[in-house]
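*Asks:* Here is how the chains run, residue by residue.
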Amino acid sequence: MAPGLEPGAAIGKPLVIAGLTRRFRAGKRLVTALDGVSAETSAGLVTGLIGPDGAGKTTLMRLIAGLLRADAGSVRVFGTDVRADPLAVQGMLSYMPQRFGLYEDLTVQENLDLYADLQGVATAARPERYRELLHMTGLAPFTARLAGRLSGGMKQKLGLACTLIRAPRLLLLDEPTVGVDPVSRRELWEIVDHLVRKAGMSVLLSTAYLDEAERCDEVLLLHEGQLIGAGRPGGFTQAMAGRSFHFRLPGRSKRALQAALATVQGVTDAVIQGEAVRVVLEPGMAPEAVQLPGFSGLTITPVPPRFEDRFVDLLRARSGARGGIVPVAEAAQAGTAETVIEVSNLVKRFGGFAAVDGISFSVRRGEIFGLLGANGAGKSTTFRMLCGLLPASSGRLQVDGFDLHHAAAVARGRLGYMAQKFSLYGELSVAQNLRFFAAAYGLTGARRAARLDWALREFELGPRADVTSRDLPLGFKQRMALACALMHEPDVLFLDEPTSGVDPLARREFWRRINALAESGVTVLVTTHFMEEAEYCDRLVIMAQGRILATGTSEELKAATRSASLPEPTMEDAFIALIMADNAKTVEAAA
Amino acid sequence: MLARLLALVIKEFLAILRDGKSRAVLIGPPLIQLIVFGYAASFDLNHVPFAVYNQDHSAISRDLVADFAGSRAFQEVAVLHGPERIRALIDSREVEMVLDIDPRFSRNLLTNQPAPVQIIVDGRNSNTALLILGYANSVIADASAAWAARHGAAEPPARLEPHALFNPNLDSHWFIIPGIVALLTQIVTLLVVGLSVAREREAGTFDQILVTPLRPLDILLGKSLPGLIIGLAEGTVIILATVFWFGVPLNGGLLQLYTGLFLFIAAVTGIGLMISSLATTQQQALLGAFMFMVPSIILSGFATPIANMPAPVQALTLVNPMRYVLVVIRRCFLEQPSFSSLSLDYAAMAALALCSLTAAAWLFRKRVV
Numbered sequence: 001m002a003p004g005l006e007p008g009a010a011i012g013k014p015l016v017i018a019g020l021t022r023r024f025r026a027g028k029r030l031v032t033a034l035d036g037v038s039a040e041t042s043a044g045l046v047t048g049l050i051g052p053d054g055a056g057k058t059t060l061m062r063l064i065a066g067l068l069r070a071d072a073g074s075v076r077v078f079g080t081d082v083r084a085d086p087l088a089v090q091g092m093l094s095y096m097p098q099r100f101g102l103y104e105d106l107t108v109q110e111n112l113d114l115y116a117d118l119q120g121v122a123t124a125a126r127p128e129r130y131r132e133l134l135h136m137t138g139l140a141p142f143t144a145r146l147a148g149r150l151s152g153g154m155k156q157k158l159g160l161a162c163t164l165i166r167a168p169r170l171l172l173l174d175e176p177t178v179g180v181d182p183v184s185r186r187e188l189w190e191i192v193d194h195l196v197r198k199a200g201m202s203v204l205l206s207t208a209y210l211d212e213a214e215r216c217d218e219v220l221l222l223h224e225g226q227l228i229g230a231g232r233p234g235g236f237t238q239a240m241a242g243r244s245f246h247f248r249l250p251g252r253s254k255r256a257l258q259a260a261l262a263t264v265q266g267v268t269d270a271v272i273q274g275e276a277v278r279v280v281l282e283p284g285m286a287p288e289a290v291q292l293p294g295f296s297g298l299t300i301t302p303v304p305p306r307f308e309d310r311f312v313d314l315l316r317a318r319s320g321a322r323g324g325i326v327p328v329a330e331a332a333q334a335g336t337a338e339t340v341i342e343v344s345n346l347v348k349r350f351g352g353f354a355a356v357d358g359i360s361f362s363v364r365r366g367e368i369f370g371l372l373g374a375n376g377a378g379k380s381t382t383f384r385m386l387c388g389l390l391p392a393s394s395g396r397l398q399v400d401g402f403d404l405h406h407a408a409a410v411a412r413g414r415l416g417y418m419a420q421k422f423s424l425y426g427e428l429s430v431a432q433n434l435r436f437f438a439a440a441y442g443l444t445g446a447r448r449a450a451r452l453d454w455a456l457r458e459f460e461l462g463p464r465a466d467v468t469s470r471d472l473p474l475g476f477k478q479r480m481a482l483a484c485a486l487m488h489e490p491d492v493l494f495l496d497e498p499t500s501g502v503d504p505l506a507r508r509e510f511w512r513r514i515n516a517l518a519e520s521g522v523t524v525l526v527t528t529h530f531m532e533e534a535e536y537c538d539r540l541v542i543m544a545q546g547r548i549l550a551t552g553t554s555e556e557l558k559a560a561t562r563s564a565s566l567p568e569p570t571m572e573d574a575f576i577a578l579i580m581a582d583n584a585k586t587v588e589a590a591a
Numbered sequence: 001m002l003a004r005l006l007a008l009v010i011k012e013f014l015a016i017l018r019d020g021k022s023r024a025v026l027i028g029p030p031l032i033q034l035i036v037f038g039y040a041a042s043f044d045l046n047h048v049p050f051a052v053y054n055q056d057h058s059a060i061s062r063d064l065v066a067d068f069a070g071s072r073a074f075q076e077v078a079v080l081h082g083p084e085r086i087r088a089l090i091d092s093r094e095v096e097m098v099l100d101i102d103p104r105f106s107r108n109l110l111t112n113q114p115a116p117v118q119i120i121v122d123g124r125n126s127n128t129a130l131l132i133l134g135y136a137n138s139v140i141a142d143a144s145a146a147w148a149a150r151h152g153a154a155e156p157p158a159r160l161e162p163h164a165l166f167n168p169n170l171d172s173h174w175f176i177i178p179g180i181v182a183l184l185t186q187i188v189t190l191l192v193v194g195l196s197v198a199r200e201r202e203a204g205t206f207d208q209i210l211v212t213p214l215r216p217l218d219i220l221l222g223k224s225l226p227g228l229i230i231g232l233a234e235g236t237v238i239i240l241a242t243v244f245w246f247g248v249p250l251n252g253g254l255l256q257l258y259t260g261l262f263l264f265i266a267a268v269t270g271i272g273l274m275i276s277s278l279a280t281t282q283q284q285a286l287l288g289a290f291m292f293m294v295p296s297i298i299l300s301g302f303a304t305p306i307a308n309m310p311a312p313v314q315a316l317t318l319v320n321p322m323r324y325v326l327v328v329i330r331r332c333f334l335e336q337p338s339f340s341s342l343s344l345d346y347a348a349m350a351a352l353a354l355c356s357l358t359a360a361a362w363l364f365r366k367r368v369v
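From first to last, the protein sequence lines stand for chains A and B. Mapping of the first sequence onto this note's numbering: position 386 corresponds to residue 386, and the numbering continues sequentially without gaps. Mapping of the second sequence onto this note's numbering: position 26 corresponds to residue 26, and the numbering continues sequentially without gaps.
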């Protein structure tokens with residue numbers, strides 16, 4: 001018998017994981033990336049490894065691929081222990097890491113050749129394999145193009161093709177869809193489905209997008225290094241049947257309604273979805289039983305459960321914590337017509353390439369406005385121009401009456417800015433960061449003291465005031481970044497991918513604060529590639545290739561896509577429909 | 001305005017001092033270089049290995065060989081009995097010099113005729129070869145004088161009476177170690193300032209401070225002041241080590257010394273900021289810093305005299321701040337220079353500081369806004 005081989009049924013299982021534990025040292029903190037995880041997957045299925053950033057997904061992948069050693073526990077791939085015989089395991093699987101190592105200065109074909117050489121694929125077998133992979137990924141017309149010149153989605157597909165050059169029995173894909181536009185995301189999923197159905201491959205795919213869970217055959221839910229659920233996604237969703245509803249109250253602020261609902265006993269979850277508030281109730285609770293003093297005449301409609309509902313339900317059950325109660329003062333007059341951000345015919349060129357190609361939109365005071373688009377759509381460039389970080393090539397833009405690129409420094413004092421990845425001074429402690437930004441915004445004396453006190457209290461950072469901020473968990477980094485951005489009580493708040501990677505509860509808490517700010521009259525501009533987040537916005541624009549494809553409320557955008565075959569389109573459906581229509585127009589124009 | 005600047009400076013110090021790696025950059029390389037240069041780098045030659053090919057076989061010639069072997073500069077490692085191995089010994093670097101004494105040496109001496117002695121040196125390192133010849137010359141001159149005194153022969157008509165001012169023993173450490181003050185101050189200042197903006201760009205904090213009401217000038221000052229302070233502190237530590245550890249006398253005024261050091265660090269800070277505003281990553285900044293550092297050391301007169309360089313290269317040294325500060329530092333250590341005698345060097349560094357800081361401010365605005 002080969003070493004590490006176990007007789008019996010386990011040989012047929014692609015993965016048998018038992019008591020897997022792995023710790024890392026991050027600064028002064030010992031982080032338990034995986035904490036006694038035990039799981040199994042079935043052959044010939046797509047298994048989703050689902051969890052927010054920092055849940056331990058990549059660590060698990062690397063342990064399976066034999067790139068890391070476990071502190072405790074074991075991994076068996078088709079019955080072979082990874083620790084006992086890593087080479088045999090690596091011969092059975094292919095691993096595509098988050099940033100696949102494509103050689104950007106080589107063409108698509110050269111990249112394929114290189115990986116075929118590295119994997120020792122016989123020369124005779126290559127033409128057939130290449131043809132198959134190129135056909136499957138739709139890259140056949142681009143074999144002579146440099147990999148560096150491909151779009152994000154195409155790069156991912158090429159990475160996948162290189163990973164598949166030698167057909168593995170088990171395919172590990174680490175967040176293949178992150179940052180990829182919805183159309184490419186769909187295509188990637190089709191490839192994965194094809195591999196499983198046609199080639200009988202077993203796939204383990206990690207993702208932080210909860211909506212992707214429903215596309216998997218089975219899922220493993222990972223949170224803070226622990227497995228909190230496993231099974232068929234339908235089972236997760238089914239457990240939530242009859243607990244999800246839309247609450248509507250026309251004429252009243254949806255944000256006030258959401259804030260009120262979130263605090264009601266018996267409500268598990270309440271998030272804004274377009275014009276309605278989507279509520280998940282505790283088991284056995286009838287929607288009519290929801291007591292909401294001050295809100296009469298509610299329309300309540302049942303809606304189908306989602307995977308995310310179950311995740312939130314599980315997390316709430318684990319933590320037992322509920323969002324603090326933040327009474328949201330309803331705006332004195334909803335939707336004052338005052339325009340705070342005005343953009344017309346804005347263009348930004350880098351050399352001959354127009355990253356932003358003549359866009360126009362306007363944002364009113366107290367509005368939450370979204371810039372939605374995939375990586376490379378031009379939303380970050382637009383965002384940076386609005387903040388004054390980049391000069392515009394042409395066109396007009398005004399924020400609170402100023403073009404911040406040219407305005408005096410004082411004008412920037414009305415602006416709050418939270419960067420992607422929550423970038424703050426990692427070496428400084430929480431309190432030192434807050435003090436620095438208070439001073440940078442010119443706060444002095446009593447006001448400074450009061451605001452510092454507010455930040456530590458409001459964001460529950462007090463107990464961690466002396467922690468070096470690099471060592472903070474992601475959720476706390478996000479809170480600190482928001483605290484720094486709000487230190488000077490800005491009129492306009494810019495948020496760049498504000499909740500990317502944080503868990504659903506942290507995201508809800510974040511949006512609870514943003515909603516309260518918007519109700520108090522702060523104008524919020526947010527970029528996101530996260531379709532779900534678009535629902536929280538009052539209005540949004542969808543961007544692709546530097547242009548605006550559509551502007552409106554999320555309901556308007558979704559309604560435009562509604563058809564007989566698609567009675568309840570999601571934001572992603574709307575997005576894809578817009579891009580398809582745009583592509584068709586381009587083709588027509590070219591013809 | 002002042003409060004904001006103070007906040008920036010405090011932030012900068014915290015970012016450097018709380019980070020283990022940045023702290024190491026401030027302490028590690030300077031310490032290593034101080035030891036390396038302080039102990040290892042010297043122009044003085046000791047124990048030059050040499051071979052003797054004595055064809056004379058007399059007491060007189062043996063005395064001459066003993067004079068060589070007994071001097072601190074030379075060490076006898078081989079005795080030859082024929083000319084064949086001379087080439088091989090020099091080729092293999094076993095000896096750097098061969099003392100070849102002519103068969104007629106003692107006979108000629110005793111008959112008051114010029115007595116030939118041949119010195120063969122390894123000319124591959126011309127600098128060392130010249131030094132060896134100089135030492136050998138003085139050994140032979142001393143031996144001739146002693147012979148003349150003992151045998152009542154006529155003294156040579158002219159006699160050299162060397163007397164070195166400022167450094168009576170011509171100890172090359174007195175020349176090299178004060179130079180290290182300039183060298184290390186430049187390295188540390190350049191790294192601290194040069195990497196700071198790039199580090200913030202990488203972390204994304206640079207955007208974060210650009211959207212605050214801080215003006216580019218505030219940010220520029222907030223980046224330069226810590227560089228100045230750290231550079232001066234580093235310089236002080238090395239000056240203290242030079243005086244109290246290596247025992248090099250500091251004869252001149254501290255005020256003259258620190259005026260020069262301050263102007264130098266200001267100029268280097270400007271250069272560091274220029275590198276910083278052009279680099280987008282710390283790696284680029286590091287390459288940029290070294291691209292400046294290496295030529296600036298070679299063109300400073302730290303090791304080789306500027307006067308020996310070809311005219312176009314000499315012209316190039318005029319824009320190198322280190323050239324001037326080396327003059328100021330060396331003079332302050334060995335002489336007691338007045339302010340007015342240093343005024344040209346001060347003026348040149350002040351002008352370079354003004355240019356580099358202005359250029360940095362311009363690049364900074366252009367790159368960030």
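Hint data in this document are derived by calculation from the structure and do not stem from the laboratory. These figures come from a predicted structure and were not determined experimentally. There's no promise every hint is true.
Taking lysine-lysine and the DSS-like style, the derived pairs with C-alpha atoms no more than 30 Å apart in a straight line are [unchecked claim]:
#1 A:155 with A:198
#2 B:366 with A:421
#3 A:198 with A:585
#4 A:421 with A:477
#5 A:585 with A:13
#6 B:21 with A:421
#7 B:21 with A:477
#8 A:585 with A:421
*Asks:* It remains to establish, for every hint, whether it holds in the given structure.
*Replies:* Comparing the hints with the structure gives:
no.: 1; hint: A:155 with A:198; in the structure: holds (23 Å)
no.: 2; hint: B:366 with A:421; in the structure: holds (26 Å)
no.: 3; hint: A:198 with A:585; in the structure: violated (34 Å)
no.: 4; hint: A:421 with A:477; in the structure: holds (9 Å)
no.: 5; hint: A:585 with A:13; in the structure: violated (48 Å)
no.: 6; hint: B:21 with A:421; in the structure: holds (22 Å)
no.: 7; hint: B:21 with A:477; in the structure: holds (22 Å)
no.: 8; hint: A:585 with A:421; in the structure: violated (36 Å)
When the structure is compared with the earlier hints, violations turn up for hints 3, 5, 8 and for no others.
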